[in-house]
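These protein sequence lines are chains A and B, in that order.
All the letters of the first sequence, read from the start, carry residue numbers 52 to 382 under the working numbering.
All the letters of the second sequence, read from the start, carry residue numbers 56 to 305 under the working numbering.
It is worth saying that the hints were derived from the structure and are not from the lab.
Be a bit skeptical, because a hint or two may be false.
BS3-like cross-link-like pairs, simulated, lysine-lysine; straight-line CA separation at most 30 angstroms [as the list claims (entries may be wrong)]:
#: 1; chain 1: B; residue 1: K209; chain 2: A; residue 2: K378
#: 2; chain 1: A; residue 1: K374; chain 2: B; residue 2: K209
#: 3; chain 1: B; residue 1: K239; chain 2: A; residue 2: K378
#: 4; chain 1: B; residue 1: K209; chain 2: A; residue 2: K373
#: 5; chain 1: A; residue 1: K223; chain 2: A; residue 2: K86
#: 6; chain 1: B; residue 1: K57; chain 2: B; residue 2: K265
#: 7; chain 1: A; residue 1: K355; chain 2: B; residue 2: K209
#: 8; chain 1: B; residue 1: K265; chain 2: A; residue 2: K374
#: 9; chain 1: A; residue 1: K374; chain 2: B; residue 2: K184
#: 10; chain 1: A; residue 1: K90; chain 2: A; residue 2: K63
#: 11; chain 1: B; residue 1: K265; chain 2: A; residue 2: K373
#: 12; chain 1: B; residue 1: K57; chain 2: B; residue 2: K181
#: 13; chain 1: A; residue 1: K238; chain 2: A; residue 2: K86
#: 14; chain 1: B; residue 1: K184; chain 2: B; residue 2: K239
#: 15; chain 1: B; residue 1: K184; chain 2: A; residue 2: K223
#: 16; chain 1: A; residue 1: K238; chain 2: A; residue 2: K248
#: 17; chain 1: A; residue 1: K90; chain 2: A; residue 2: K58
#: 18; chain 1: B; residue 1: K181; chain 2: A; residue 2: K223
#: 19; chain 1: A; residue 1: K295; chain 2: A; residue 2: K63
#: 20; chain 1: B; residue 1: K57; chain 2: B; residue 2: K209
Here are the simulated distance ranges between beta carbons [as the list claims (entries may be wrong)]:
#: 21; chain 1: B; residue 1: L187; chain 2: A; residue 2: G351; range: 36 to 44 angstroms
#: 22; chain 1: A; residue 1: A380; chain 2: B; residue 2: S120; range: 43 to 51 angstroms
#: 23; chain 1: B; residue 1: Y188; chain 2: A; residue 2: E130; range: 18 to 26 angstroms
#: 24; chain 1: B; residue 1: E284; chain 2: A; residue 2: D290; range: 32 to 40 angstroms
#: 25; chain 1: B; residue 1: A291; chain 2: A; residue 2: D161; range: 31 to 39 angstroms
#: 26; chain 1: A; residue 1: T310; chain 2: B; residue 2: K57; range: 45 to 53 angstroms
#: 27; chain 1: A; residue 1: R364; chain 2: B; residue 2: Y188; range: 21 to 29 angstroms
#: 28; chain 1: B; residue 1: G275; chain 2: A; residue 2: T310; range: 24 to 32 angstroms
#: 29; chain 1: B; residue 1: R298; chain 2: A; residue 2: K90; range: 53 to 61 angstroms
#: 30; chain 1: A; residue 1: I237; chain 2: B; residue 2: G116; range: 44 to 52 angstroms
#: 31; chain 1: B; residue 1: G302; chain 2: A; residue 2: I237; range: 14 to 22 angstroms
#: 32; chain 1: B; residue 1: R298; chain 2: A; residue 2: G157; range: 50 to 58 angstroms
#: 33; chain 1: B; residue 1: K57; chain 2: A; residue 2: E130; range: 24 to 32 angstroms
#: 34; chain 1: B; residue 1: Y188; chain 2: A; residue 2: E88; range: 31 to 39 angstroms
All C-beta atoms in this analysis are idealised placements derived from N, C-alpha and C, irrespective of residue type, glycine included.
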Amino acid sequence: MYAQQVKSTGKKVVSLEEMSPADRDFQERINRGEKIEPKDYMPAAYRTNLIRQIGQHAHSEIVGQLPEGNWITRAPTLERKANLLAKVQDEAGHGLYLYCAAETLGVTRDEMFEMLHEGKMKYSSIFNYPTLTWADMGAVGWLVDGAAIMNQVPLQRTSYGPYARAMVRICKEESFHQRQGYHIMIKMAKEGTEDQKRMAQDALNRFWYPALMMFGPSDNDSVHSAQSMAWKIKMNTNDELRQKFVDETVPQAAYLGLTIPDENLQWNAETEQYDYSEPDWNEFHDVISGNGPCNTERLGARRKAWDDGAWVREAMMAHAEKKAQRKAALG
Amino acid sequence: MKPLFEFLLRQGDNALVLGHRTSEWCGTAPALEEDIALANTALDLIGQTQLWLGYAAEVEGAGRSADDLAYLRDVYDFRNILMLEVPNEDFGRTVMRQFLFDAFQVPWLTALCESADEHIAAIAAKSLKEALYHLERSAETVVALGDGTDDSNKRMQSALDVLWPYTGEHFLQDDVDNTMFKAKIAPLPVSLKPEWESTVRSTLNDANLKITDSTFAHSGGRTGFRHTEHLGHMLATMQVLQRSYPGATW
Ligand SMILES: [Fe+2]
Ligand SMILES: [Fe+2]
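Using the sequences and the hints given, assemble the complete structure.
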């Protein structure tokens, strides 16, 4: 997902009886479905865990601008160019909401940027894959935003108030992105020329397994996930969400006349869901640890933007100070 | 070429070329707020392009669409002023260019709201709202960066020095302008120079920036006679899909 393999306490979930009175009170509020607000009591580990998760999510939104930004200058029509610009602008806005949500936990946006640039905070593995043809703009909207929705819709009910509210705003826009992406696929795969059909199939071939990886490896036995779920900052297991994604996406691919690159994919009448092949988790670990096809470029682009923009940020601050001083001198 | 068609291409190509340049920033601005603002400006300009070139295509009456005009013309058929096709270089030059353009667009579009051509008046009215906001923002940023630090002042000064010789092209006059003026479709651009200059001078003064004494003006964009080398590269990128896959719809 946009937040993958977020580390929690690394210990097994503590029972209510074993908790301190303050922690028990906190956990009971969560169990009742109450929202935790910035000034409320929260265990230090809850705070740290959330900063990691929201930060990773925020970083994903802004790094996620790059693979699509790669095609803004080559969009094939004025309308497609405008739509893509609007989408990428939305993603920057999502980043902004999420950084603001994380700031309520006592970490600044600049600190989070630094951690990203130093490789101490991660972003979703999916954005380390290249976008090679215009069909990738379709596949990214359809599959990547589609997978993001699976995860983010339940997060609208997450226990931390500012995070939940950010999710409500974000979800509305994500479903629009997904439809826009799917529409590009319809134009190419269903109504397009032979070349366009090939591009569409090629994009699906390249993005299918990376999209499945977005949900992270199975976490049924993960202590990190168990704690996050007890705190309601993670609402479903990775496998649940991945299955839901597969079940929704398979018919959509069929409608497009595209083949999902998985020979084992088939409907299971017993479980009433699709059986499918796991992605290559070795590849996932490579990508997560910095060896994906575009890790160097993506992080390099973010660092360069940050460094090139330093003089602008400094000048803005200096100007604001001078203005305040001039005002004080007058008044 | 019909003068009205040519006039509309000038409007549409200005919006398209600057919109495209601005969109090149995607995801790499100095701050997240700037990323959002730049995308917003690009989006407004591409929207304006659709209106201007859409009307141009209609006036031409040759069965072409706005997309055909944007994606299937070559350099010598473009009619934007040269300043807009010059590469972004850095954030300073991008903002300075936006300001110099906005300072022209606001009085220009204001005047076009009174055009005898109702379609033009309607496009101008819609675009003016956006241009007013762009000008407010670009002027503010030019002042902040000019005033900010010694380093930022130097960068803004050099951006201004590079761009200034390109500003004169706005005010040139040819048969197209004369025809539009006689038909009460548009004012002569030179009539807007005093207002443009007063906005520019007062903002640059607040920004501690100096205008060079030279009155030299590059030209050749709005007539299409001689563009810079940069436009061809921009079009090679922008038009790649339409050129590579003729007739495909997207
Ligand atoms: Fe997003
Ligand atoms: Fe999105």
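Tell me, which hint numbers fail for this structure? Hints 3, 6, 13, 20, 22, 24, 28, 30 are the ones this structure does not satisfy, whereas the remaining hints hold.
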